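Student: Chain residues, written in single-letter form:
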Amino acid sequence: MNWRGAILPVSVIAAAQFAATTYGIQSDALASPVEILASLLQALADGSMIRATLETLGAALGGLLVGGSAGILAGIVLGLSGVLNRLMTVSIELVRPVPSVAIIPLFMLVFGLGFRLEIAVVAFGVVWTVLVLTRAAVAGIEPRLLEVARVLGMSRAQAIWKIVLPSALPRIFVALRLAATVSLIVAVTVEVAVNPLGLGYGMQIAQQALRPEWMFAYLVWLIIVGWSFNYLLVRIEGIVLRRMNFTGPRR
Amino acid sequence: MTPLISFRDAGVAFGSKQVLEGLNLDIAEGEFVCVVGASGCGKTTMLRLIAGLHPPSEGVVSYAGQAIARPRPEIAIVFQDYGKALLPWRTVSGNIELALEAAGTPRAERGAIIANLIALMGLEGDGGKFPSELSGGMQQRVQIARSLAQRPQVLLMDEPFGALDAMTRQGLQDELQRLMMQQRMTVFFVTHDLEEAIYLGDRVIGLRRNPGRIGKVFDVRIGRPRDQVATPEDPEFLRIRRELYDFIRDTEREPAS
Ligand SMILES: Nc1ncnc2c1ncn2[C@@H]1O[C@H](COP(=O)(O)OP(=O)(O)O)[C@@H](O)[C@H]1O
Ligand SMILES: [Mg+2]
Numbered sequence: 001m002n003w004r005g006a007i008l009p010v011s012v013i014a015a016a017q018f019a020a021t022t023y024g025i026q027s028d029a030l031a032s033p034v035e036i037l038a039s040l041l042q043a044l045a046d047g048s049m050i051r052a053t054l055e056t057l058g059a060a061l062g063g064l065l066v067g068g069s070a071g072i073l074a075g076i077v078l079g080l081s082g083v084l085n086r087l088m089t090v091s092i093e094l095v096r097p098v099p100s101v102a103i104i105p106l107f108m109l110v111f112g113l114g115f116r117l118e119i120a121v122v123a124f125g126v127v128w129t130v131l132v133l134t135r136a137a138v139a140g141i142e143p144r145l146l147e148v149a150r151v152l153g154m155s156r157a158q159a160i161w162k163i164v165l166p167s168a169l170p171r172i173f174v175a176l177r178l179a180a181t182v183s184l185i186v187a188v189t190v191e192v193a194v195n196p197l198g199l200g201y202g203m204q205i206a207q208q209a210l211r212p213e214w215m216f217a218y219l220v221w222l223i224i225v226g227w228s229f230n231y232l233l234v235r236i237e238g239i240v241l242r243r244m245n246f247t248g249p250r251r
Numbered sequence: 001m002t003p004l005i006s007f008r009d010a011g012v013a014f015g016s017k018q019v020l021e022g023l024n025l026d027i028a029e030g031e032f033v034c035v036v037g038a039s040g041c042g043k044t045t046m047l048r049l050i051a052g053l054h055p056p057s058e059g060v061v062s063y064a065g066q067a068i069a070r071p072r073p074e075i076a077i078v079f080q081d082y083g084k085a086l087l088p089w090r091t092v093s094g095n096i097e098l099a100l101e102a103a104g105t106p107r108a109e110r111g112a113i114i115a116n117l118i119a120l121m122g123l124e125g126d127g128g129k130f131p132s133e134l135s136g137g138m139q140q141r142v143q144i145a146r147s148l149a150q151r152p153q154v155l156l157m158d159e160p161f162g163a164l165d166a167m168t169r170q171g172l173q174d175e176l177q178r179l180m181m182q183q184r185m186t187v188f189f190v191t192h193d194l195e196e197a198i199y200l201g202d203r204v205i206g207l208r209r210n211p212g213r214i215g216k217v218f219d220v221r222i223g224r225p226r227d228q229v230a231t232p233e234d235p236e237f238l239r240i241r242r243e244l245y246d247f248i249r250d251t252e253r254e255p256a257s
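Protein sequences, first through last, are from chains A and B.
Just so you know, full-length UniProt numbering puts 90 at position 90 of the first sequence, and the rest follows in order with no gaps.
Just so you know, full-length UniProt numbering puts 177 at position 177 of the second sequence, and the rest follows in order with no gaps.
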């Protein structure tokens with residue numbers, strides 16, 4: 001990372017702290033950086049922040065797993081089958097723009113509150129993007145390679161596993177990275193809106209208790225978690241693609 | 001003796017466009033047949049009929065008396081565009097192994113087979129390299145090795161050396177000839193290089209175009225092994241070459257569409 005990128009956030013934090021110590025803050029909406037940091041450290045020490053983080057990440061990853069694998073699977077099937085694809089395209093385009101928040105009431109009727117609700121909403125939030133991008137990746141595979149599979153007498157499963165999936169993998173990873181960011185956003189949204197667990201719920205409680213320093217502590221922590229989550233995915237992607245000899249620009 | 005491959009009144013139309021028409025041809029086992037013709041006259045389409053990659057619109061194309069409906073394990077292809085036909089994420093060995101995986105060859109037996117093919121195609125030391133690290137000629141060797149891993153009876157080759165420089169091309173022509181003499185495979189070889197066709201073939205099929213059809217067949221009665229220096233000076237070679245050039249010039253005077 002470029003150190004110059006840190007200039008702006010660091011100056012803002014310093015200015016906020018200067019303002020807070022010089023003029024004092026008497027507000028239900030603001031807190032000084034030092035207070036926020038203290039709350040964050042306390043929440044980390046007493047385990048509440050860690051527990052909430054695990055809950056949120058668990059739901060986000062669970063939803064990513066369910067929605068991601070469903071999207072990849074459906075994307076491959078539709079990408080390979082022109083007939084099925086023509087049959088499904090309109091339906092997909094109709095459901096895709098539905099905001100994931102809007103599906104919460106319906107899913108609450110089915111799943112009640114808790115992890116299953118959150119995983120379901122996250123899965124709904126990511127599945128369409130993954131499906132559409134995977135489908136495009138599969139449809140864009142070098143047709144010669146599919147002929148090679150036929151000439152060598154590969155079974156359909158072999159062709160998918162050994163040729164289609166590896167060919168589409170670089171672009172599937174792009175889809176998954178996008179979906180990972182969305183999964184965290186949707187998980188926290190569900191928690192702030194209805195679900196009594198995780199970081200979003202913690203934030204909601206802090207706000208209701210008129211404790212801005214707690215609320216900001218959650219926010220700061222969420223930034224750290226989100227950034228690490230994405231960083232981890234980029235690293236995994238890099239390792240897998242390098243091991244498969246997908247270096248440099250995609251081919 | 002029944003022919004290994006036969007075309008019976010076979011034709012192909014793409015929509016309303018008749019690409020191939022009235023093909024009748026018998027290819028005997030062990031024969032090396034070369035096909036030449038103007039670009040777009042249907043050479044590749046003819047090869048794809050034998051490969052089972054495309055069905056004839058009329059007539060029958062058969063292998064050992066059976067109509068060809070889909071690709072068969074006895075029939076292998078070497079495509080011209082080796083850059084697209086090899087898996088970029090697999091090494092040379094991995095690309096060859098693909099054919100063995102498809103054929104269900106037990107894992108324990110694969111190593112020895114791959115090592116043999118690598119030696120046969122002069123790829124020693126390159127087994128661990130990726131296609132992108134090899135020259136065009138070497139990549140084409142890999143594709144040939146992979147098609148041989150299929151243990152085919154028939155090898156279909158679509159302008160396999162067309163994209164290679166002259167030196168590499170001659171080297172590969174001679175290796176192909178040696179291979180065919182050793183393994184007694186039947187070869188269907190498409191090319192636009194008339195000398196290459198005569199040099200390699202037992203028979204050269206000249207196609208006419210619009211619609212593509214067999215115009216003239218030349219038997220090449222020149223003994224093997226043939227030689228890059230001596231064979232092109234053989235009177236028989238020169239005679240066929242002259243007739244073939246005349247034929248091709250004649251087909252090119254026909255309207256293009
Ligand atoms: N899939 C296809 N759809 C429509 N037309 C095709 C297709 N494949 C080949 N053709 C047409 O058939 C003719 C013969 O093509 P091809 O067999 O590739 O010729 P050649 O290999 O002799 O250059 C060309 O006019 C080409 O445009
Ligand atoms: Mg062609």
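If you're looking for bench data, these hints aren't it; they were derived computationally from the structure.
For clarity, every value in this text was computed on a predicted model and none was experimentally measured.
Take these hints with a grain of salt, some might be off.
Covered stretches of chain B, going by a simulated chain A footprint (3 or more residues, C-beta under 8 Å) [as the list claims (entries may be wrong)]: (1) 40 to 47; (2) 66 to 76; (3) 80 to 87.
Built from N, CA and C at the ideal position, the CB exists for glycine as well.
Student: Does each hint hold? Answer for all of them.
Tutor: Now the hints, each set against the structure:
no. : hint     : verdict
1   : 40 to 47 : violated (count 0)
2   : 66 to 76 : holds (count 6)
3   : 80 to 87 : holds (count 4)
Hint violations for this structure: number 1 only, all remaining hints satisfied.
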